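**Student:** Listed below are the residues making up each chain.
There are 2 protein chains.
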Amino acid sequence: MRTYPEYLEELLDFLRIPSISTLTEHAQDLKSAADWVATRIRGADIQNVEVFSVDGGHPLVYAERLDNPGAPTVLMYGHYDVQPVDPVEEWDTPPFEPTLREGRIYARGSSDDKGQLATHLFALRDLSRVWGPRWPVNVKLIIEGEEESGGASIEKWALQNADRLAADCALISDTAFLKPGLPSMDYGLRGIAYAELEVQGPGRDLHSGLYGGGVLNPLSALARIIDRLLDLESGRILVPGFYDGVIPVSGLDRDQAARVPFDSGRFLEQSGSPALWGEQGYSVYERITARPSLDVNGLWGGFQGQGAKTVIPSRAGAKVSMRLVPDQDPDDLLRKLEDYVTDLAPEGVTVACRTIHKARGVLMDPSNPFMEAAAGALEEVFGKAPVFTRCGASIPISTIFHVNLGMPVLFMGFGLPDDGLHSPNEKMDISQFYGGIEAVKKLLGRLARFTAGRPIK
Amino acid sequence: MRTYPEYLEELLDFLRIPSISTLTEHAQDLKSAADWVATRIRGADIQNVEVFSVDGGHPLVYAERLDNPGAPTVLMYGHYDVQPVDPVEEWDTPPFEPTLREGRIYARGSSDDKGQLATHLFALRDLSRVWGPRWPVNVKLIIEGEEESGGASIEKWALQNADRLAADCALISDTAFLKPGLPSMDYGLRGIAYAELEVQGPGRDLHSGLYGGGVLNPLSALARIIDRLLDLESGRILVPGFYDGVIPVSGLDRDQAARVPFDSGRFLEQSGSPALWGEQGYSVYERITARPSLDVNGLWGGFQGQGAKTVIPSRAGAKVSMRLVPDQDPDDLLRKLEDYVTDLAPEGVTVACRTIHKARGVLMDPSNPFMEAAAGALEEVFGKAPVFTRCGASIPISTIFHVNLGMPVLFMGFGLPDDGLHSPNEKMDISQFYGGIEAVKKLLGRLARFTAGRPIK
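If you read the sequences in order, they're chains A and B. Using my numbering, read the first sequence as starting at 1 and increasing by one per residue. Using my numbering, read the second sequence as starting at 1 and increasing by one per residue.
Errors might be hidden in some of the hints.
Here are some of the chain A residues that sit facing chain B, going by a computed Cβ distance under 7 Å [stated by the list, open to error]:
#: 1; residue: D205
#: 2; residue: S293
#: 3; residue: P369
These are calculated hints, taken from the structure and not from any lab test. Keep in mind it's a predicted model, so treat the numbers as computed, not measured. Idealized CB from N, CA, C, for every residue including glycine.
Between the sequences and the hints, there should be enough to build the whole structure, so can you do that?
**Tutor:** Spelled out as structure tokens, the structure:
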């Protein structure tokens, strides 16, 4: 068996691969990262490994070892792709030159999700050395490379291969502790509906001296549309019908939330914002977990350089995403958004609204034996029972595992709140990485004691 | 004497210099363009030429030949810098590889203003060969390299050297005919007040899943601010006090406008916009010439790449410019803009407003002998008397010549309306270039018959 420091060295190799899935120029890096994963799976004595592409997308890695029809089956998921790195000048060390400082691994993807995915692979490798020729747990792995770019490949393939993926539970390590020493497990995640708006005005860029005052500026039109998406005073989203289907915050939610040591002052401090903001009538914690939200993720048009250019641009654009809670339907909301922005567009421009990606939210009953087994494993390793939480972020594949394939999803995340996901200087604590490997081993050990396949739907 | 085709060849060399004044990496190109100008002035037998920098800015070229105290003095102005070229992919031929097609010169700066400035230089060269040792007109030239980036150097230097620049009239060729065969002379230009807004929200880029709904997104705040600058229905600018000091459209304006063959349908077609737009109660022509306007020239923030990034950006920004008419004061309006956007900024962000550049508008009496001389020269060369117009664009130096130095400014422009200033595929018609050289020679010939220096203030 290798030692944990040796696993750390292997992880650093994984982190050196710039597998940014949203940028087409990194396609080869995605392939390299998929191969890295497949090699590690084989190293855990799982020989049935497939690496394949769906519709020309980044590779999926599927693997299985099904030794024991009477034993439970766990479906392990992770993603080897990472977010873009801009603004790259804000990184203290280069994002793809992983650096160890003060017990932390600084690199893009260290926490989201390469470092966490690696805990599964190294836990299996350790267990393969002790389990012998007939594993007491059936294992399936599905690892993707498009989580940060919409996950089209895995969604399509998983829905078409539901029988193949059938399992008693899914295991996803792509979330975080509430704070150091306090693990948590999500029983809910928000969904997402991500769209791009394009406003078209003049047929070409115009001189603002010669045309200013005579044509509608598409940037003014876009600002009007964006401004009418949100009421900044009440924090309410103004897309008509947006709140249809929102499951209200429940007594269970409030009971669980009471156990969460959420500090809104600390949240504010971590954000670096001048003030808190959000939907009136809800706590900060509810706003970012159990209530839907809408954000403009990008906005552009005209001259962005230094100095001045006196131009009326012909086009302007924006990225707009909505975070959804059950039972909001992303397709329905994207249609409502499109209808609304079309209505808002003033005469003098045309507007287009295009879907980038989408996923439903997830909400589960936290009292099932699989979640209890995972909770026990976390407590055993980290010394504290996890708190059950709702998470504001989206893991679209969990929608498929839970809503479409009908299995409980164990969100056993090993990140920490200050990991800086999607931000410059992303990091993972080495102790969380080591503890993660250990906890996955403990969970699989507990599942080995379950006597029947799929005892719980 | 060289022939006009030889002058065309010299102009193409001038156009090959990428003298973009807003981009610091082109500083050396600005120097080269200034040297090109200085060499041509010496070639016109004017030996008193200075090339110098003010506060490290792009070079100014000042030259004079004052042979005759009893003769009138003309101050000739032009600029050798050009606009940026983005979006460069929309150019049919590279912007700095001038190309002749169908009697036109395609290149950045061909019409604005290198091609027009060159008419002065080549006219003087021709005249120097016939005028002999004692010129019948005193000539001063001031050529700058910062017209497209705010003109700070020339403004400062001209105000400090008002006596040196004293002249009976100024000549500027940086405007356009109303259509082929119909020259025009501006008796008014709009001023400008150009500012940059920056909205600061979170201390760093945040994950929109983990923070969405809990902090105010600076892009939403910026959209609110931009949306409240203009009432899109009435076309009115909403900055409080914006219309204080606006000189109403006069009977003279309406009389002159009636002579202008302005076709709003053609204006719409040239803009490529889906519809006309503007301030209610005014004609399209008035909106773009005699009425002030406000435009967003650029807007940015967050993720602008392909696909999706689920980010709440820490910052967002915009370029906002106001086109002013007499007697609006740019400093006053920039203060009002700053106060207004500060008031509009919701809690949860801070906003900064920074001046980029500014100039007052110009409005002159078109019935003075210098304008009449210029009109006669244009009619002699192009076969048609010019129409007197107000122009919507800004030539900040004309403010100094007229408002500060007290001389009439002859806007004798040789461009055409479809030259594509500030746009891809900028061009100048070769016949306009040749006619321009001829018209400048005729104007100077007429001024030579004026008997006294500064007969008209």
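**Student:** Against the structure, test the hints numbered earlier, and report the numbers of the ones violated in rising order.
**Tutor:** 3
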